[in-house]
Each structure stands twice: as structure tokens, then as C-alpha cells.
Amino acid sequence: MTKIRTSLLVAAAVATLAIPTLASAARMWMLPSETMFAGNGDEWATVDFAISSDLFYFDHPAQPFEPVLFAPDGTQAQVENKAKGRLRTTFDVHLTQKGTYKVAVLTNAVFGSYMLNGEEKRLPRGVTAETLAQAIPAGATDVKTSETNGRVETFLTAGVPTDTVFKPTGKGLEMVPLTHPNDLVSGEAATFQFLLDGKPAANLPVAVIAGGVRYSGALKEISAKTGADGKVTVTLPDSGMYWLNVTTAPPRPAPAAEGAPKGPPPPRPARIDNYVATLEVLGA
Amino acid sequence: MQIRHSLILTGVAAVGAGAASPALAETLDLTVTIPRMSVAEYHSPYVAIWLEKEGAAPRTLSVWYDIDKPKNGGTKWLRDIRLWWRASGRTLQFPADGISGATRAPGTHKLSLPAGKLGNGAYTLVVEAARESGGRETVRLPVTVSGGKGSAKAAGTAELGAVALTVKP
Chain A
1 MTKIRTSLLV
11 AAAVATLAIP
21 TLASAARMWM
31 LPSETMFAGN
41 GDEWATVDFA
51 ISSDLFYFDH
61 PAQPFEPVLF
71 APDGTQAQVE
81 NKAKGRLRTT
91 FDVHLTQKGT
101 YKVAVLTNAV
111 FGSYMLNGEE
121 KRLPRGVTAE
131 TLAQAIPAGA
141 TDVKTSETNG
151 RVETFLTAGV
161 PTDTVFKPTG
171 KGLEMVPLTH
181 PNDLVSGEAA
191 TFQFLLDGKP
201 AANLPVAVIA
211 GGVRYSGALK
221 EISAKTGADG
231 KVTVTLPDSG
241 MYWLNVTTAP
251 PRPAPAAEGA
261 PKGPPPPRPA
271 RIDNYVATLE
281 VLGA
Chain B
285 MQIRHSLILT
295 GVAAVGAGAA
305 SPALAETLDL
315 TVTIPRMSVA
325 EYHSPYVAIW
335 LEKEGAAPRT
345 LSVWYDIDKP
355 KNGGTKWLRD
365 IRLWWRASGR
375 TLQFPADGIS
385 GATRAPGTHK
395 LSLPAGKLGN
405 GAYTLVVEAA
415 RESGGRETVR
425 LPVTVSGGKG
435 SAKAAGTAEL
445 GAVALTVKP
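Chains A and B, in that order, give the protein sequences. For reference, each letter of the first sequence is one residue, going 1 to 284 in our numbering. For reference, each letter of the second sequence is one residue, going 285 to 453 in our numbering.
Everything labelled a hint here was simulated from the structure, so no lab data went into it. Please note: incorrect hints may appear among the correct ones.
Cross-link-like lysine to aspartate or glutamate pairs, in silico, DMTMM-like; alpha carbons within 25 Å at most [said to hold, decoys possible]:
id, chain 1, residue 1, chain 2, residue 2
1, A, K98, B, D381
2, A, K98, B, D352
3, A, K102, A, D142
4, A, K231, A, D197
5, A, K98, A, D163
6, B, K355, A, D163
7, B, K353, A, E43
Covered stretches of chain B, as calculated for chain A (at least 3 residues, CB under 8 Å) [unchecked claim]:
id, segment
8, 308-317
9, 370-376
Predicted, not measured: the structure shown is a model, and the values here were computed from it. Using N, Cα and C, we set each Cβ at its ideal position, and we do this for glycine too.
Can you build the whole structure from these sequences, using the hints too?
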């Protein structure tokens, strides 16, 4: 009986961890109503933000995320009409300038444990790098932490695409597109560079998945790796919305063979960075 | 000063080209058929007509949209002529002299578009139609222009009917 309870607790803990890591089955994403605008100074996009197993359907509880809007002139602008439903967070973007906007949701979570009075304690949910110091009581020893940084982005262009919003901050995993994300055409190669703390993010797995799997039946995932220069080139075969994910998380170990003794789970790296972009490909 | 200089050079080039061929500019005679449809809701399509040449910027020749909407409101939907928008439309200001025109009803429309001096070579004339509450279709007409002449024909299957082009000096 005790044994079952323990394994249930472990499963619950894993599920909690899985949400922000993005590397698990649950995927974090934004979905803009459209990405290409005339640029008349008074246009609106509405954007959904959600976590789900399949793209792009709402099937997980919504999280209270704060989107950050970067305007073409280099300033930060406010999103409007933000609301959190049961399954999604939604907000509007008022496109008043010409050029490319970037919407980003940045997440940070610290997981871990410590020993206190001879007992192992887990960090509570919702601890971030900022609040970590307060979350660990005085006298705690053997503090083990793992930090996960997430960056979820999408792009909207009014008129001619511009590049101001792609200036990297030098923090975490970021994308610098060589092919503009609002200038993608089906069947044409697109190249993006990824930076980790401002330096080329080499040899990282890149996954690209088209939306609509519920009706197409096939996942048709495109797998690639960044080169030594952090660049990756992918060809998106059809029109539609795509989810792109790059992660520094180590690949999950293959499941143990039937009857084989289960080894201990691999240690969690001290830091994991995830990048997600939603890209719209308009047809040829 | 520099501007004047380049204008003079262009003038010389045009005269040079003119010496080889008597015409200084070609005209594109075009027929475009907008198919009649039996649908619950019909709006005349937005249409863009442009000319492509490898290595050169695509050139918009004609765009049909709701030019009479107040506050230039019809321009909002120009991006739905999707290929053209990316190729050329988004760099233009609307209304555009000699390019903007009203949408056209189903039927065959004859156009005569001044194309400037084309020169010999391979071109592609592209017609793209996007209909509100309807579909979108592109018809491409590859044409070889030689001595100021050339012709091509193609047809769409849904949003565009037959399209025929004659290039004349």
C-alpha cells in the first residue's frame, strides 16, 4: 500500500515538472489568428496561449502567463483584452506600427529538493530563480536545484517585414532568423540561428510539427539539429501553422526492456532552456 | 547632381535599346476571365496582375479591389492576394496611380497594360484572384519576349478562367 502511494506521488511530481519543460508530450504554444497584415495602422490580431498534447488544440489547464509584446520600433507595447479561461489564455495585439512585432512569453521555474532535519523536502511549485532564496529555509542542506527557462514566441507583420525585434538579449535560448518568420513559403528552405546566452547553440535537437494532427492522423515531425554555428535549415512542406521547438534538455532514455531492472532516472541537468515558436507558412 | 547623372544614363540606354528595336515600350494585351459561380454568397474577387523576370523585382501592373470603400478600407484585404502581397504588394502604397482599379464582375475582361521597355527574354505574367468567403487561385503564364513580341495562354480551374496574353511593340 505504501509502495503504491509513493509511486503515485512520484508520477504527480513528474507531471508537474513536465509542463514547463516542453520536452514532454505536453507542448506550450501561442496561436495567432493571422500573421500577415496590410499595415494600415489599425489592425488587430488575437492570440491564444495554451499547453496541449496535440497541436493546436486546447486540452490542458491554462496557466497565467504574461505575454510581452515587442513593437517594430524597438519599444515594448501592451497586449490588450487579456483573459484566462479554463483551457487557454487569450489576448489581442493592436498593430499600429508598420513592420514586424514579436510576442514572447518567458517562463522560469526552479525544481529541486533539500534536506532539513534529516528529511528530504521538495521545493514547492511555482518557485522561480527570483524566489528561490526565500523558498529554502535556514538550516537546509544538500540543496539540489534544476532551473528551466522557456521562451515561447510568435511573429506578426504589418506591411513589409522588419528585423528590429530579432535583436538577441543574450539571455537563454533565442532565435535569430535568417529567413524571416513572416516570409515563409511552403517547399522553400528556411534558416534560423539559435543562440544560448548570446553564443551559437550548437548540436541541439530541433523539432518542427505541423498543426492539425487530429485530422491528418500523421504527426509528420521534422527532426533536425543545429550546426556548430547554431543554424538549422528546414523545409516546411505545406501551408499552415507550425510549432518549432529547440531544447537543451537531454533526450529521454529509452524505456527499459520488459522485466529488466529499472535503473535510477538520469540526474536532471542544473539548467534546461527551451525555445518554441509558432510559424505560419503561406502557400505557394 | 547624382540623380541627374543617372537620369541621363537611363536616357542613353533607352535610346540605345530603341535603335535596335523601333519600339520604346511594349504593351501587354490581356484577357482575364472571372468565372460565374452559383454560390450562396458571392463577392467579386480581388485580383493582382504582375510580371516576373528572374533576377529582377516583380512588377505590379494592375490590382482590382474595393477602391470605393471609405478611408481606403479596401486595402486591408489586399494581403489576401497572398503571393502577390509577398512578391510586390506589401512594398506599394495604395491607391496606386495606373495600378489600382475596381473589382470586376464575372465575364471576360480585356486589358491593355503598358509594360515599359521589356527587352528580349523570359518573363512570367502572374494573375492571382482571391475572393471574399471564397477561394484563391494563381495562374502563371510563362512568355518569351523577342523583338517586342510574345504570347501565352493558361487557365485556372476555380477562381480564374482562361487568361491570354499578347505582348506587342
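Status of each hint after checking the structure:
For the hint pairing K98(A) with D381(B), the CA-to-CA distance comes to about 22 Å; that is within 25 Å, so the pair holds. At roughly 24 Å between alpha-carbon atoms, K98(A) and D352(B) fall within 25 Å of each other, so this suggested pair holds. The hinted pair formed by K102(A) and D142(A) fails the criterion: a straight-line CA distance of about 41 Å is larger than 25 Å. With a CA separation close to 15 Å, the supplied pair K231(A) and D197(A) stays within the 25 Å bound.
For a cut-off of 25 Å, the pair hint linking K98(A) to D163(A) stands: about 12 Å separates their Cα positions. Annotation: proposed proximity of K355(B) to D163(A) is violated, straight-line Cα distance about 29 Å (limit 25 Å). Restraint check for K353(B) and E43(A): satisfied, since their Cα atoms lie roughly 16 Å apart, inside the 25 Å limit. With 0 residues carrying a beta carbon less than 8 Å from a beta carbon of chain A, the segment 308-317 of chain B misses the three-residue requirement, and the given coverage is violated.
Counting residues of the segment 370-376 of chain B whose beta carbon lies closer than 8 Å to any beta carbon of chain A gives 3, which meets the minimum of three for the stated coverage.
Consistency with the previously given hints fails for numbers 3, 6, 8, ordered from lowest to highest.
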